[in-house]
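Chains as they are written, first to last, in the working numbering: chain F, 7 to 205; chain V, 7 to 205.
Some hints here could point you the wrong way.
[What the hints assert, rightly or not] Residues from chain F that face chain V, not an exhaustive set, calculated with beta carbons under 10 Å:
hint : residue
1    : E48
2    : R51
3    : R54
4    : R58
5    : H62
6    : T69
7    : H81
8    : A104
9    : P108
10   : L110
11   : A111
12   : A116
13   : R131
14   : D139
15   : S167
16   : E168
[Unchecked claim] Residues of chain F clear of chain V, computed beta-carbon distances all greater than 10 Å:
hint : residue
17   : A13
18   : A24
19   : A73
20   : P78
21   : A120
22   : A133
23   : A144
24   : T161
25   : K163
26   : A164
27   : G170
28   : E192
What the hints contain is simulated information worked out from the structure, not anything from laboratory work. Since the model is a prediction, treat every value here as computed from it, not as a measurement. Just so it is clear, CB atoms sit at the ideal spot from N, CA and C, and this is done for glycine as well.
2 protein chains.
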Amino acid sequence: MDADLIALLPPARERRLARGEALFRAGDPALGLVVVRSGALELVRTSREGRRSVLHRAAPGDTFAEASLFEPRHHCDAVAAAPSVVAVHPAAELRRAASTDPALAWRVAAHLAARLVAERARAERLALPHAADRLLDALHALPAEEGGARRLGGTWKALASELGLTHEATYRALARLERAGLLRREGRGVVHLGVRARA
Amino acid sequence: MDADLIALLPPARERRLARGEALFRAGDPALGLVVVRSGALELVRTSREGRRSVLHRAAPGDTFAEASLFEPRHHCDAVAAAPSVVAVHPAAELRRAASTDPALAWRVAAHLAARLVAERARAERLALPHAADRLLDALHALPAEEGGARRLGGTWKALASELGLTHEATYRALARLERAGLLRREGRGVVHLGVRARA
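All chains, please: the whole structure from these sequences, using the hints.
See below:
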C-alpha cells in the first residue's frame with residue numbers, strides 16, 4: 007500500500023467484482039490506477055501460443071495497472087480470483103491533476119520506481135538457473151516473523167508458478183534444501199531458513 | 007533513448023570512464039539519472055553467496071539508475087565494459103527541478119512506466135520453464151530487419167546470461183529449434199524466425 011500516493015490521488019470510483027469477473031481485458035482502453043480494497047485480482051496474459059499465465063496476484067492494499075496511466079490500452083486481463091472490491095483512479099483525471107500538481111506527479115514517479123526495483127528483483131531471481139537458488143532467494147525475501155519463521159503468502163504451487171518452476175521441480179528442490187540443512191518446513195507454508203544442521 | 011525526457015532535464019555532467027572503471031558501486035550515494043553517450047556500462051550485482059552477475063548492459067542512448075532518484079544509495083555497481091562517456095543528471099538537481107515543473111515530473115514517471123513494462127516482459131520471459139521458449143520469445147522481441155532477419159545486439163553468450171541459461175542449454179535449444187524449423191541461423195548473430203520447414 008503506497009499511502010503517500012493514495013493520499014494525493016483524485017477521488018476513486020469503487021467497483022465490485024464477482025469471482026471470475028474481469029475488471030479489464032487486454033486491448034481495453036486504459037482504466038487508470040487500481041487499488042485492491044478486498045478480495046484478490048489476478049493479472050493474466052495470454053502468450054502467442056495461447057498459453058495463459060498469471061503475472062501477478064494483487065491482494066488488498068496492492069495497486070496495479072500503473073503503467074496504464076501512460077498507455078492507451080491494457081496489455082493483460084485483470085480478473086477477480088475471489089469476490090473483490092477495487093478503487094479505480096481514472097487515468098484521465100489523474101493525468102489532469104498531475105499536470106498542475108508536481109508533488110502528485112513526482113509521487114507517481116516514486117511509486118513506479120519502487121515497482122521497477124521490485125520487478126527487477128523478480129527478474130534477477132528468475133534468471134538464477136537452479137530451482138533451489140530461486141526458491142531460497144524467494145524465501146529469503148519474505149519477512150521473518152518472531153522466531154525466524156517465514157510464511158508463504160499463498161500455496162507452494164502459486165510460488166512455483168511465480169518462479170517459473172513446475173511443482174515437481176519445486177518439491178524436489180525443497181527436499182534437497184531440507185536435506186542440506188538450508189531450510190526446515192514447519193506446518194503448512196511455514197519455513198525456517200539457514201538451519202544448516204551439520205550433524 | 008527517451009528524447010522527450012532528456013530534453014526536459016537540467017544540464018548533465020559528463021564523465022569519462024576507462025574500461026573496468028566504476029561509475030558507482032552498491033552502497034554509494036545515489037548519483038542521479040545516467041545517459042550513456044558512448045561505450046557500454048554493465049550493471050553488476052553481487053549475490054549473498056558472492057556470485058557476480060550482470061543485470062543489464064547499457065549501450066549508447068540508454069538511460070539507467072533512474073530508481074536512484076528516489077533512493078539514497080545505489081544497489082548495484084555500474085562498471086564501464088569499454089572506454090565510455092556518460093552524462094550524469096544529478097539526483098538533487100533533478101528533484102529540485104521536478105518539484106516546480108509538473109511536466110518534467112510526469113515525464114520521469116512516464117519513463118519509469120516504460121522501464122517497468124520492459125522489466126515485466128523480461129520477468130515473464132524468464133518465467134518460461136523451457137530454454138527454447140525463452141530463447142524464441144527473446145528473438146521474437148528483436149526488431150525484424152528487411153527480409154525478416156533479426157540481429158542479436160551482443161553475443162549468444164550474453165543473451166544466454168540475460169535469459170538465465172547456461173551456454174550449453176542455449177546452444178542445445180538453438181539446435182533443437184533449428185531442427186524443428188522454427189529458426190534458421192545465418193552468419194554471426196543473425197537469425198530468421200518461423201521458417202517452419204515441414205519438408
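A quick look at each hint next to the structure:
no.	hint	verdict
1	E48	14 Å, violated
2	R51	7 Å, holds
3	R54	7 Å, holds
4	R58	12 Å, violated
5	H62	9 Å, holds
6	T69	12 Å, violated
7	H81	7 Å, holds
8	A104	5 Å, holds
9	P108	4 Å, holds
10	L110	8 Å, holds
11	A111	4 Å, holds
12	A116	5 Å, holds
13	R131	9 Å, holds
14	D139	9 Å, holds
15	S167	8 Å, holds
16	E168	8 Å, holds
17	A13	17 Å, holds
18	A24	27 Å, holds
19	A73	4 Å, violated
20	P78	13 Å, holds
21	A120	7 Å, violated
22	A133	3 Å, violated
23	A144	12 Å, holds
24	T161	17 Å, holds
25	K163	14 Å, holds
26	A164	13 Å, holds
27	G170	3 Å, violated
28	E192	22 Å, holds
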